[in-house]
Amino acid sequence: MLKAVTAYWQNWVDRRVPRDDTRVFGQKNIFILPSAAGVVFGLLLLVMLLTGINYQNSLIYLLTFLLGTVFVAAMHQTHRNLTGLQITLVKAGEGFAGDAIPFVFRASAPNHDALAITLSHDQTRVDQQHVLAGKPLDMQVLVPSRARGYLVPTRIRVETRFPFGLLVAWSWLRPASAGLVYPRPIAAPEVGSSVVDDGEVDETRETEGQDHADLRPWRQGDMSQRVLWKRFARTGDMVIADWEGEQGSPHWLDYDAFSGVDRELRLSYLTSLVIARANGNAAFGLRLPGQTIEPDNGQLHVQRCLRALATCGLERPREATVAAYGSRTGEPAAAVAQPGESV
Amino acid sequence: MKRATRGALTGADSSLIQVPGRALAWLIASFAVLLAPQWDRLPVWLLVACVVLAGWRWLAQTGRLRLPGRWLRSGLMLTLVAVYVATVQGRFSVDTAASFFVLAVGLKWLETRSNRDFYVLFFILTYLATVNFLFRQGIFWTLLNLAGVVFLLIGLQVANAPSAPGAIRAGWKRLGMMLLKTLPVVVLLFVFFPRMAPLWSVPLVSGEARTGISDAMTPGDISSLAQSSERAFRASFGGEIPPPRLRYWRGLILDSFDGETWSQRQPEPFRRPGRVANDGGIGTLANDEYDVLLEPTDQRWAFALDDSVAVSDNVYLNEDQLFRFRRPADSAVRYRLAFESGAGGQRTQNPAPGPLGRADRYRYLQLPSSGNPRARVLADELAAAAPSAEVLISGLLRRFREQEYYYTLRPPAMPDNGIDDLLFDSRRGFCAHYAGAMTFVLRAAGIPARVVVGYQGGETGAGGDYLIVRQYDAHAWVEAWLPDRGWVRFDPTAAIAPSRIESGLREAVAGEGSFLENNWASPQKYGDMALVQWASLQVDRLNYQWQRWVVGYQGQSQMDLMSRLPGGFGLRELGYLTAGLIGVALLVAGLLAAWQHRGPVGRDPWMAAVGRWHRLCERAGVPVRQGETPDQLALRLERARPDVASSAQAFARLVNNHYYGPPAGPEAAGDLTRMKRLLVTLRRQLNRQPTQTEVTGADNRA
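Chains as they are written, first to last, in full-length UniProt numbering: chain A, 1 to 343; chain B, 1 to 702.
To be clear, the hints were calculated from the coordinates, so they are not data collected in a lab. Note that beta-carbon positions come from the ideal geometry of N, C-alpha and C, so glycine has one too. Misleading hints may appear alongside valid ones.
[Said to hold, decoys possible] The list that follows gives simulated cross-link-like pairs (lysine-lysine, DSSO-like), each with its CA atoms no further than 30 Å apart:
1) Lys135(A) x Lys676(B)
2) Lys108(B) x Lys135(A)
3) Lys91(A) x Lys28(A)
[Unchecked claim] Derived CB-CB ranges, DEER-like:
4) Arg612(B) x Asp262(A): 52 to 62 Å
5) Gly590(B) x Arg125(A): 26 to 36 Å
6) Gly590(B) x Trp9(A): 16 to 26 Å
7) Thr578(B) x Ala100(A): 25 to 35 Å
8) Gly166(B) x Ala100(A): 30 to 40 Å
9) Ala100(A) x Ala594(B): 52 to 62 Å
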């Protein structure tokens, strides 16, 4: 029962607040209720009224009515504080899985100040901001990410309690544009790329670079060339050597190199390799199922690779197909004027 | 309220304090203002404690002091509560309740750390304002109290936007506008909200002694009362204000004398306080009516002129022909009376008095068995010489008038046999002395007599339409029973000092200069300074009107007002009316808001400018395509009309800057104006007859 009500409510709210990168707050999408303090204030007014009645005191009546109308006026002010405020997603952030992804919103208030606005998403919240009329303001909300892929925040709550904190007016931002979450980098077992000529990895480097090598136990997916067989013969432990020098070569990073490994793990390996290459400013190429990025180096290339890794095998989230609640058809001019990023 | 707001703090345990300092300052200011109306009711130690506790909280806010820890706080609380219990000593009254409330507010200061505490403090301070109205209803106190409430609201505003720019934060203007807009609704609610009878009976009797007459009279009581210029009551008359010699306001009768003190033999029967509306305003005063606004006395005595009957419901006439309230006058009470025999109240005798009953006869002839022998001898002499009671009384009054008796506020000490001393030796006394002595002599001569205590006289208020009666107008006189006329008033003071009756106490004691001699602050003392007198009367008039029309606007006055509306309103209709009123007010406010905010999209001036630019493009033959960037559109417009290239580019750049650029700094302030100017230029340029551009325009469409 409760579930059905909640679902209905969510659905209703989603229709009222369709996904869009730009939201102008108005009567259709602002919600307002008394806050806890507001409820207590109401009770206090009741007690004051009782006092006035019992002591036949006109002035207490007067004070009660005064504060009562102040409460109603505060309702209008709190509502009006959000009304007309326009919040646009200017930058959907990118980051690694597990990190908080920054989403940057620009708030502007064309007609009147919007004071004491807070943005929050789940546990994270942005401190109170004041959007003064004609002075747009950027606010950054951190959205926690769990898995790689497209990140569309479900709802970002925009809230104000101004002026008295007796009422809380809120609405939600439901951006249509997605942020990107790169796979969480996991140190990859060293493998040769299947694209690369095997001869390039010569045996001599094994001994040459031994003191620069990272030694670690073997794990599934490690190539047999990397195993220090001499040590295996001596101790019986399979130990893998990761050489630093290797990362300087313009290798291909290949999805298929980690055969038998779970896809997400492979992508995490590749991500860590991409980061390692990027740190060394080395040129590299990336081969993913259905996508090949030619070897290159530089910031843009790295970003391109990371994005490819983030979205590998994923569909772009569908555009909001539900029509905006109460929206009229045939407003192409307005649609064009919307400065939101068309995705 | 768990959402914390930041406060700039440097205190030792400042991490615990979340309340912004400026907001706290407003609350402390409000506390100071709201405490003021209580200053004379609260014990001094409590006032000091409040100041110290609030000051401590403020020092903690600024970081100069630590807030007490839990143990210290509990210790403080226990100590103060113990002091409170010790001072109250089990007496429970509204006063003690109010001081406990104030103590609680004071202690709360030290606990105000979080935002939740802040709101708790806000609520209790609001209720403190309410409590203040129970005790103070004058117009200036009201304004002060409301100022306290406004401070509270400002404190809330500051607490809710602590980081906002200064002028916006406190929001005087915003709050002022809000209050101004709500004012009409407040007034309508005040007028139309149905005034119900009390839901349960709550006597507001305070434990504190009030200035005023009491039910026992030792000579000397009234003369100490004569040092007070506090207001006792004010009276308005439908007709002419009666002349001074008829202004005898009867309050209570003292019938028992123990040789020193006159008192009531039996206390007045106890009655439960009635659940009645304590108001007596019922429309305009008829010609023979008058209404009295009595300051709180905590007693049931209602003062009335002779020959009155009750008009309002809150007073009734008791067996002694005195008016009594149905519940003690714990706050200012208004009641209405009428002269039984028509305007003016000239009649001073009952038309057909029945014979005095035996019990009453005994009661009014009672005297102590011994004492004051010379007075008793005088009574015997007078009785022997006079054929009737009337002759005897006039003889006694003649004695007072013709012999050397002095009316004085500084009577000598009269130890034993005070009446003998007064009548034969010192011959100096105050009204209470003479009234007591005369009653004694009459009783000794066998004439039933009693002392009546009340007020005599009164000062005409500003505008000349009402009387102000003050405590120094307190008076005592005599009523004697004459078989054919009933109880008749005799006033020895009138025989000794006629000016007391005709002009008031000030004139009567002008010679000895004892008028309000210990009361330097009273404006009445300076009655001979015209300006002081004028100002004090004007203030009194303002307060009187306020009390009559605003404070005294209760059930009956409301019903009276409503009955003048067409259709005859009852309480029930009033309820409907109020509900409807609230509904309509909410609806209107809602509609207004809806109308103001309709189509918020179109109201963005940038959006509007872009819309105009689109229409210009369309008119120039460049249809706007969906999903096109401003640059692309400008490019196509350029191709169609090369002559507007620079304007179009500039415009597109401004649009891009605004929507996609970094947040606008101060340098972008003029962008909107620039855009509008560009639009004007564009329109002018496009209106110029295009020359050879039409071909390219058509080409562009392909």
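Subject >> Earlier hints that do not hold, by number >> reply: Those not satisfied are hints 2, 7 and 9.
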